[in-house]
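Chains R and X, in that order, give the protein sequences.
Sequential numbering of the first sequence, starting at 1, is according to the numbering used here.
Sequential numbering of the second sequence, starting at 1, is according to the numbering used here.
If you're looking for bench data, these hints aren't it; they were derived computationally from the structure.
These figures come from a predicted structure and were not determined experimentally.
Don't be surprised by glycine CBs; every beta carbon is placed ideally from N, CA and C.
Check the hints yourself; a few may be wrong.
Partner residues are not named here, just some residues of chain X that face chain R (Cβ under 10 Å, in silico) [stated by the list, open to error]: (1) Ser-102; (2) Lys-487; (3) Ile-518; (4) His-555; (5) Glu-578; (6) Val-583; (7) Pro-601; (8) Ser-626; (9) Ala-627; (10) Gln-633; (11) Tyr-635; (12) Glu-654.
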Amino acid sequence: MKKSIYSLFVVFMMLCVMSCGTATQENDAQGASIEEPNNTPLGQASVVDDVSAANILQVAIGSPDHTTLVAAVQAAHIEHVLVNAGPLTVFAPNNAAFAKLPEGTVENLVKPENIATLTTILTRHAAPGSYNIEGLKKEARKGRKLYMATGDYLEVTTEGDDVFVGGAKVIASIQTSNGIVNVVEDVILPKSE
Amino acid sequence: MKNKNLIIAALAIVTFSFASCDNSSNKSDNAGALSGNMAERAYVAPGEHDEFYSFISGGFSGQLSVYGLPSGRLFKVIPVFSQDAEKAYGYNEETKPMLNTSYGFVPWDDSHHPDISQTAGELDGRWVFINGNNTPRIAKIDLTTFETTEIIELPNSAGNHSSSFVTENTEYVVAGTRFSVPVPQRDMPIDEYKGNFKGALSFISVDPEEGHMNLEFQILMPGFNYDLSHPGRGKSHGWFFFSTYNTEEGHTLLEVNASQNDKDFIAAVNWKKIEEYVKNGGGKKMPTNYAHNVYDEKTHMATSTMKKEVVVVDPLEVPGAVYLLPTPKSPHGCDVDPSGEYIVGSGKLSANLTIHSFTKMLAAIENEKFAGDAYGIPILNFEDVMEGTVVQPGLGPLHTEFDGKGNAYTTFFISSEVVKWKLGTWEVLDRKPTYYSVGHLMIPGGNSRAPFGKYLVAMNKITKDRYIPTGPEVTQSAQLFDISGDKMEMILDFPTIGEPHYAAGIPADLLKPNSRKIFKLEENEHPFVAKSEKEAKVVRDGNTVHVYMTMIRSHFAPDNIEGIQMGDKVYFHVTNLEQDYDVPHGISMIGANTSELLIMPGQTETFTWEPKGEGVWPFYCTDFCSALHQEMQGYVRVSPKGSDVSMKWTLDDEWYDSE
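I would like the entire structure built from these sequences, with the hints used as guidance.
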């Protein structure tokens, strides 16, 4: 039962991504006959709100260590997912993590023709639910795997006081208004790759 | 004599019916629906905002609704005088005291006339006030939270209709009694009404900072019916004007007995004079009993205090403070133009509209030219104070608003129309039918020095075939007119809740920046708050159990509770830990004899539950909060009375005991 709801969540997220694309197409197709109101091109990410606590996207944008991640999120047009009601836990690779990838990887991924791949990679860093470092330790203790928005299950392990998700070390945990940002030292890539 | 008058009135009705038919058919010929782009003018594109807020009274629903103009879209129903299960208003422990009165808990009222606070005669958008007609009360709604934050009951009043209008700087919210009653109440024959019953005019001060209301004094007037009122402004600031009917002082079959006098009165009250009199120790302290209910935004709780005394003023003791202006035939609306010079009396049964002049009134008072007195209150001569009449504008005039461009707009119930006329020349400029039988009308800022004369909302009493039918009861209908041109143009129909008696409108830009998004958790001073999951706990005190619960996407803490016993009274004090705009959570428990809670971010609310059976009973989040909303649920185990199951609770199987 739970699985089916998670699946729904994934489908929902994918639809969100897809609908971005279709909306633009429709606009083009209809031309000048009817001007479709398009005052919120980024979905909920367009909402102006300087009162609420910062959300995942705002935290990421505000972090000088996550400029690559933010650029990738913007290239994939998934800003609105990161401001969604969630709850969402995002494992946010820092700039150093992206720098560990083979040269040219990021530059290649942000090309328009590779958006789908980029989106999948980024989405693998998001888990439905709220897991801070304490929560992750509990997952490890209870032997529960973390279900990611792409459908993958990532192992949560501990070494002393350190926590690793899918092999990436979590070095900080930030509570946001719509979930948790866990800063990781590595980009979490599928094992097969 | 009286028969003759009636015949003349009847003739007038017939003549007008024909006359207005002619007019309206002429006008509608040259204004096709497409020619003026009417649909476009009321259209607010998806995602765009309306230009105005309008606060439309909910009448017998007891509430206040928030509509956008020009779209006519409903944005919120603010619970005021009636319980509202959707928002737990009057159901949760925090807001039950808001509906306390000297008669006990009264979960309903008949809300009538909203009025927005003013500074220097212009809308300042801080609060909107509205009166409860049945069990006399005045409510204040905070326009940052759009929630009712204060209700004050009015003693010595009945049918609180001539209310709740504010003075130029919101010094006072003023409320007049429609039904005169014995003051103080006592057991006496009804037919000894005349000369014995009193009509109380209440002046409630508003603290300029916090907005707290205080009943400063009541003027005990003769036993007439005080129908509507409006403040003086500009030159007439410091005065208040009340229309009266039933100056005959009838107590039965009023539709006949209160229609005998050729003229009733508009009572002009120099409240500054009376204020000074009271400040200098004037007036009589009278024992009484009324409730004053205040909601505290920090504790998220209301308290109700019973007040035991009120200052009453006999108008005869303050010479020069009250005068009566004769006004034809049971005036209903009593409206003051933006300059403060003209006081429009809408005699319900009169063929003409009567406009009094403030300047002339002052001159007549100066010259001490009186036509007589009523119970010692001087009556001025009609001819001395009357400035003009709008001759035969329609039938059954009720209310007048102003556009700030020298024009007035009056509703006519019987001839079912809005008539535009010119201040000063009194000529009729335009008339448009409404559907059907219009009561109040509203122009944003229409009760201020500076109206925003772009739109006019006509609030109708009869709907009939206007919408797709919904059985015998049909929604009330409102009509929106564009009044920016010379002629009024109807651009929209929209349904309203309850029965709207009056409305107040204000440019959206004045309120939008102040609208609250969340309550700061660190500012929460609720005595049962849990500001983090670590503070969640369950505490037994005899048969009473207090659950300090938190909610955040997407779980409750705790979500499993054991150790509750039959015969317990369980208080669920639930805090929403979210600090994100538009992420409320709800909660309800199977079989709870109350409503759900709907808790805004940073807020704490409480519901009570008395288990009816042993077992394991679920509760859940009632507001779709997140992708894992369906997972947001929990269980309470109920054991027999005296059971040795210990009191414990958990989230994710890490149990805590209450020692």
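### Interface hint for Ser-102 (chain X), Cβ within 10 Å of any Cβ on chain R
violated, 40 Å
### Query
Are Ala-627 (chain X) and chain R close enough, Cβ to Cβ, to be under 10 Å, as the hint says?
holds, 5 Å
### Message
Hint validation: Gln-633 (chain X) versus chain R, beta carbon distance must be below 10 Å. Holds or violated?
### Response
violated, 13 Å
### Query
Would the hint on Glu-654 (chain X) stand, with a C-beta cut-off of 10 Å toward chain R?
holds, 9 Å
### Query
Any CB of chain R closer than 10 Å to the CB of Glu-578 (chain X)?
holds, 7 Å
### Query
Does Pro-601 (chain X) meet its interface restraint, that is, does its C-beta lie within less than 10 Å of any C-beta in chain R?
holds, 8 Å
### Hint validity - Ile-518 (chain X) Cβ closer than 10 Å to any chain R Cβ
holds, 6 Å
### Query
Once the shortest beta carbon distance from Val-583 (chain X) to chain R is found, is it less than 10 Å?
Result: holds, 6 Å to nearest chain R Cβ.
### Message
Is the interface hint satisfied for His-555 (chain X)? The criterion is a beta-carbon contact with chain R at less than 10 Å.
### Response
Result: holds, 8 Å to nearest chain R Cβ.
### Message
Quick check on the hint: Lys-487 (chain X) CB to chain R CB, less than 10 Å?
### Response
Constraint on Lys-487 (chain X) not satisfied, violated at 30 Å.
### Task
Classify the hint on Tyr-635 (chain X) as holds or violated, based on whether any CB of chain R lies nearer than 10 Å to its CB.
This hint is violated: Tyr-635 (chain X) lies away from chain R, its Cβ roughly 17 Å from the closest one there, beyond 10 Å.
#### Entry: Status of the hint placing Ser-626 (chain X) at chain R (closest C-beta pair under 10 Å)
Because about 5 Å separates Ser-626 (chain X) from the closest Cβ in chain R, which is inside the 10 Å limit, the hint holds.
Consistency note: the structure conflicts with the earlier hints numbered 1, 2, 10, 11.
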